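> Please put together the full structure from these sequences, using the hints given.
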Amino acid sequence: MRILIADSGSTKTNWLFTDSSGESQSFKTSGINPFFRGSEDIYNELKTELAPKLADQPHQIFFYGAGIINQERGDVLRVPLHRLFPDANIETHSDVLGASRALFGSQAGIACILGTGSNACLYDGQQVLAGIPPLGFILGDECSGAVLGKKLLGDYFKNVMPTDLQTLFGEDYFPTEADVLRNVYREDRPNKYLAGFTPFLSKHIEKSYCHDLVTNSVREFFERNIIQLPDAQQFALGFVGSVAWNFRSIIQHAANEYGFAKAIILKDPIDKLKEFHTTR
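Numbering (the working numbering), first residue to last: 3 to 282.
These are calculated hints, taken from the structure and not from any lab test.
Wrong hints could be hidden among the right ones.
Simulated restraints on C-beta separations [unchecked claim]:
(1) E179 x P88: 46 to 54 Å
(2) D77 x I229: 28 to 36 Å
(3) A180 x D43: 23 to 31 Å
Note that the structure is predicted; figures quoted are calculated from it, not measured.
Beta carbons are placed, not taken as given, at the ideal position from N, Cα and C, and that holds for glycine.
Here you go:
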């Protein structure tokens, strides 16, 4: 059985292709969010970036992605995948279900995503039972890369950021007000653009400004997402995503503050998803 698994956010998509012998191929393409993109656009990209890399045609495809909030959004992905791989059985699922399966397998828990966007859900070992709407980087997405980047840029231009860090930030990114406003309000994928500034925080996390910004954002994520879930402290807690991984020590400290045992934190769920789909 040849299986193709995808874990996709707004910035990148991780793919893993495995066959019955256990041999695997891993590769990346750009992020595929069907909330912002159409089937034809996705098909043209996958035809160029994905199909030539596969050693053979998959029998099954499991696609987990941001923006798959219902069947309609899932079909935006299913259609181009079916055009490329007409004989494959294709399933499209939300990124939170993928995170849940990677973190907990068939056990219950609260699965959180902290990447370009953010999300949290209660998982019963089979399906997602409850979640708080993420609402995107304008209304929500607390502690996501996009929101952290938004806060950095706002503090930089409004002179809230300490002077020494303003200088360093300017040297790293050379931001101008005109460029930032154009990229955020007029160009495609502003969330990806904003998330591109978050490495500055991990680079200078020893500075109190950076540490406090991340710490307060993590607490905001806990308060507005995790502890809103029913009986939250009774469940195991886990995180996936680059933001979660880069700030894992701050997250672990916050988990203790809010009454949780040590959190599971994965940078990338794809290997655990392979385990989930090949050992069942």
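> Now, for every hint given, state plainly whether the structure supports it.
Hint check:
1. E179 x P88: 46 to 54 Å: 49 Å, holds
2. D77 x I229: 28 to 36 Å: About 34 Å separates the Cβ atoms of D77 and I229, which means 28 to 36 Å holds.
3. A180 x D43: 23 to 31 Å: Taking Cβ atoms as reference, A180 and D43 lie about 28 Å apart, which means the hint holds.
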